[in-house]
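Chains as they are written, first to last, in the UniProt record's numbering: chain G, 1 to 247; chain X, 1 to 247; chain Y, 1 to 247; chain C, 1 to 247; chain E, 1 to 247; chain F, 1 to 247.
In case anyone wonders, no lab produced these hints; they're calculated from the structure. Some hints could be false.
Identical copies go unnamed one by one, so any copy, or any two together, can satisfy a pair.
[As the list claims (entries may be wrong)] Once the Cα atoms are required to be at most 20 Å apart in a straight line, the calculated EDC-like pairs of lysine to aspartate or glutamate come out as: (1) K143 with D220; (2) K231 with D157; (3) K56 with E207; (4) K22 with E185; (5) K231 with E180; (6) K54 with E223; (7) K56 with E180; (8) K231 with D220; (9) K224 with E213; (10) K170 with E213.
There are 6 protein chains.
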Amino acid sequence: MRVDGRDVDQLREVVIETNYVKHPEGSVLISMGDTKVICTATVEDRVPPFLRGKGKGWITAEYSMLPRATEQRNIRESSKGKVAGRTMEIQRLIGRALRSILDLEKIGERTIWIDCDVIQADGGTRTASITGAFVALALAMEKILNAGKIKEWPITDYLAAVSVGIDSQKEALLDLCYQEDANAEVDMNVVMTGVHHFVELQGTGEEATFSREQLNSLLDIAEKGIDELVKIQRETLGSIADRMIEK
Amino acid sequence: MRVDGRDVDQLREVVIETNYVKHPEGSVLISMGDTKVICTATVEDRVPPFLRGKGKGWITAEYSMLPRATEQRNIRESSKGKVAGRTMEIQRLIGRALRSILDLEKIGERTIWIDCDVIQADGGTRTASITGAFVALALAMEKILNAGKIKEWPITDYLAAVSVGIDSQKEALLDLCYQEDANAEVDMNVVMTGVHHFVELQGTGEEATFSREQLNSLLDIAEKGIDELVKIQRETLGSIADRMIEK
Amino acid sequence: MRVDGRDVDQLREVVIETNYVKHPEGSVLISMGDTKVICTATVEDRVPPFLRGKGKGWITAEYSMLPRATEQRNIRESSKGKVAGRTMEIQRLIGRALRSILDLEKIGERTIWIDCDVIQADGGTRTASITGAFVALALAMEKILNAGKIKEWPITDYLAAVSVGIDSQKEALLDLCYQEDANAEVDMNVVMTGVHHFVELQGTGEEATFSREQLNSLLDIAEKGIDELVKIQRETLGSIADRMIEK
Amino acid sequence: MRVDGRDVDQLREVVIETNYVKHPEGSVLISMGDTKVICTATVEDRVPPFLRGKGKGWITAEYSMLPRATEQRNIRESSKGKVAGRTMEIQRLIGRALRSILDLEKIGERTIWIDCDVIQADGGTRTASITGAFVALALAMEKILNAGKIKEWPITDYLAAVSVGIDSQKEALLDLCYQEDANAEVDMNVVMTGVHHFVELQGTGEEATFSREQLNSLLDIAEKGIDELVKIQRETLGSIADRMIEK
Amino acid sequence: MRVDGRDVDQLREVVIETNYVKHPEGSVLISMGDTKVICTATVEDRVPPFLRGKGKGWITAEYSMLPRATEQRNIRESSKGKVAGRTMEIQRLIGRALRSILDLEKIGERTIWIDCDVIQADGGTRTASITGAFVALALAMEKILNAGKIKEWPITDYLAAVSVGIDSQKEALLDLCYQEDANAEVDMNVVMTGVHHFVELQGTGEEATFSREQLNSLLDIAEKGIDELVKIQRETLGSIADRMIEK
Amino acid sequence: MRVDGRDVDQLREVVIETNYVKHPEGSVLISMGDTKVICTATVEDRVPPFLRGKGKGWITAEYSMLPRATEQRNIRESSKGKVAGRTMEIQRLIGRALRSILDLEKIGERTIWIDCDVIQADGGTRTASITGAFVALALAMEKILNAGKIKEWPITDYLAAVSVGIDSQKEALLDLCYQEDANAEVDMNVVMTGVHHFVELQGTGEEATFSREQLNSLLDIAEKGIDELVKIQRETLGSIADRMIEK
């Protein structure tokens, strides 16, 4: 029995509120249980120097937490004057994940900035960021497609992410909340496309190592979670989801 | 006639949603029109080195904007590796303002961290931050008073802030939205207590200077705005507002 | 009776020594009592990127203190690797103040750098910096006007600044020395033009709030102080002052 | 046929030269083909503040490349004033990996610093760093065990790492050199213990996603590579390897 | 014939104005021709951690230039966020030089901070800084000796510094002004004590190398310059100079 | 008798291994006793902005130590976020020294980056860096000459460096190892060309000053050491050394 009464392969309640803030081309507030992240997609009509004149675009991501998103207040990275290693890891992960389903040639010489700002954290902030950022990206692409800035729908598949882990009773769990995550022996983040292909797989056994068999159990429940998340993304996007079907 | 149809001395709609995030001792989401700020108050049971052993506490504030809180995306200060001058000015202002109504001896050797994070900006973010932070502070003080950590209510008066300005038709306006602020000839931020005393007064005429008479017009409408904001704070705080009456 | 025997509305002795250093286009050493600041104006024949090709110029200011300008030695900001919030506030204030009386179109695509370096501090360093920087700016403008680089006198009015404050006996004082400043309940900096218009007004009541009536007393003596400072500026500038009369 | 003529599941030549530098408690120069890394283990008789008085130790890792370890010269991170995200990711990975096989209670209140400095890079620098760092750590532990500083052998198992990937012909390859890595569609780093348990698994498909079946092929050849690396570690350690058998 | 009409072995006019600023324990304004440096000596009643409890003191130096001390304005090091290599070299040189004539045991557990701030530069700023800092140090030592903080005079000898160089006509010159320095083929800074012993000798032939014979010519005129500087220091110190005689 | 049994004017064993790493245009591993430095020369086909279009090149140097090159581990400069003053001094010295024997016009608009990375330190790392960097530079120049990138041999003379010092028995010593260096009263670094001309001379007497006579003794043994180093450089370069003879 899990701390919040869920089954081992059950997601927390997922809510994706679109157009949460007014300025960005695309934005959502995604909640996975008590984890809440504002994801925005900004379209800038230029690319970094290394891509100029090549006729293709770029997508990059940034991630941050409000100081009191967590139980203990964290010092702001701006005050410390540098971005923590954990933050860099996460924002590099989000960027790579989104690049796998965005056709950079179809967006032309544009940069998409994805910003994931965690306003409340209860485990799984990086996976919620990816799942939410996908929707913000789709909203932004719809906007520039409708505005005639791009000619073709540039997103090639759905993209969602979920955490899985093994607890001290050797049980494989889906979508760990903070308390579960803190006590897990193995922690894995899985990023997959709508057709069940891996984009990223990051598993860590700091407290305990894990066998190939355990890996397989984790991947089984991760696939189940990804299916459910993609379903929610599709419902959230409504008519925009039809763009994906055409692909 | 103002861009959004308001009277010259009319505030935008103000909503203060309490306990907006779950971890902090006090938190609100304050909206003044389209300006939205998450204000949190964190109570830490220790003071900076220069205050240790003196039996009194400290309050300090930090301010930030999400990158896409504005029409154009701003580079994160953590990426730039330093806090901008504007940010420092604002967080120093918020901290000073709150220190004027908090009895630091009554909170004991504790530090109160105020975090004001703007999630959507449409002018007046620093004044909304002060008005919202006051409520978050009051919620946090109620919490530690109820927990028996402190013996007496430490807040000495209400505190609210509002912007006023003079537009190109020489009209004095209350609570400028971004478009008005960008075109104003004179911009002034007024921080006052519930009994109409000034805590801070910062007026700037970059495009145009202003006369003593114009100053007086600005202060008249600022006082009106402060009265209304204090009324909303009182209603928001409900029974906690009674603590203030006892003072 | 004040600590140095002055009347409540009396300035300290003000001396402005022109051309104090040889390289800058304009320079002064201003002394207000024991506060001494070297103010220089540098004319650079280009503008920041955001102004290129717009036919107008820019003016910006930097402020610093020698480490031992004060009673206790301060760590250099270059050693700390960052500029303090207080410094940023002051240099932004100086820059804004000077922009109010300089016609940026008349200086063409040039940047004026104002450097205010405090070599001895005894209160009122930011206001002395503004008063002295005005003279350094006028000297530099005279130089480039005489050199034919600009066609018209670009300064629209005199500009001076002074501090006022309320002491623990509720007395309003003009031009506070450090000891008075440290004990003041209210501290206000007033920047005005030669025709008594406000450019900046910054009042802070950290220890105590202040009423509208007290504000008026402070502004009365500030105006008197500004008048005297402008008179000294005019005498210091000699024939250059005639340029101002033509305006 | 691979660029260097190897079979798809063949490692490059691996050489581990022990005691490569004289000052550290343990050091090696590991070569995997043309990738060469100096790995050192430093034992410091104190722990970071958060561990003081808890009777256990800590191990942390740092990673760097000489500027011209690569085909193009890289700017030093010390010149840039900050550590790159990629570097942080790698050093966090090395540290976590080693923590999985070191009993921190058995080393007492000591910090082990692992430094991995790449002097020549040809792909797989992070996995070579882990494989080499394990040997440097074992040498350092032997030294302090012999010196009587610790009572029991603290390393619980062998630890090695290898890269695997999928090339454009959908072939799974073991131990990619730089040219193969640059062209791979999928890149995966596998860190395992001597008993074939996973410590870390990091797979990325930036250019192409990968199926569960492909994942299994990659893991099969990775296990083969790990076996061979552990064999080389055992031979390199000689009599110290007997400490591991006792476990 | 030199650019300013001096003989090859002639110093520029040297003026040392004592107690130039009021707060420091010792201060001077030294002018060597148009090079002007404010040198201050601050006495702090504690030592850095590595010296605590050892019964001896420390002396350290910092050096900076006002932005417009030079013909072209320099960006402040505080704005750049780091201290330039040239600045570090100079402040390390000044510190080492003063350590050679100060008995650190006689000053007890105190730190002497030397600050050399160039307000106008015309070549030889580092040597003027050393010559001036010696006097500021002596003034500060006299002050704490008179105050009974130390028991014995801690300065063991005079200390002065001068630049010498070889111009394009292979002529050895004493005390180069900026224009001479910029055109010199060899540049050397000599720091000596009152008894003609070397403390530092730094010669550089970037444009041209120099022979042993040329080295000897440079040292001959440097000794002459040092003699004259020590004489001026002695006259400046007046009765304090008698402390040196007792040594 | 010296700590390692050498005569007072005897160098440690010097070995220069060429082409130590494969990517750079020139590289060596130089050992002077237990001091070991990897020196690389990188040729970049462009120059810094201040030299563009002038038809000449640039050479610059960087220096670093691996954290455990020394008895005590040093914190990486990349972790500290800034380059130490000592490092800056050394890399500026290496750059200036090499500029004295490289004809920058003959290399065209190219930048030569010299990287000196100390992998093991036992005194004299900066002088070993210069001696080794000279050979790496010559190898790189041979490579681009053979490739037809430059037309003429651009190196004008040999360049070597050595440390000398005076120990507590007032004995002048050549090529100090770390233990001797730590105990020396006077420490001097001498950089000379093949024809015995000085390029740099840096002598410091922190613990004790030194007379003109002692200076001469130091220079005598330094010249002997330089002769021997140049002989080793010539033998190491083999046929490339003939390029120097042609000069």
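List, from low to high, the hint numbers that the structure doesn't satisfy.
-> Numbers 1, 4, 5, 6 and 7 - these are the hints that the structure violates, sorted from lowest upward.
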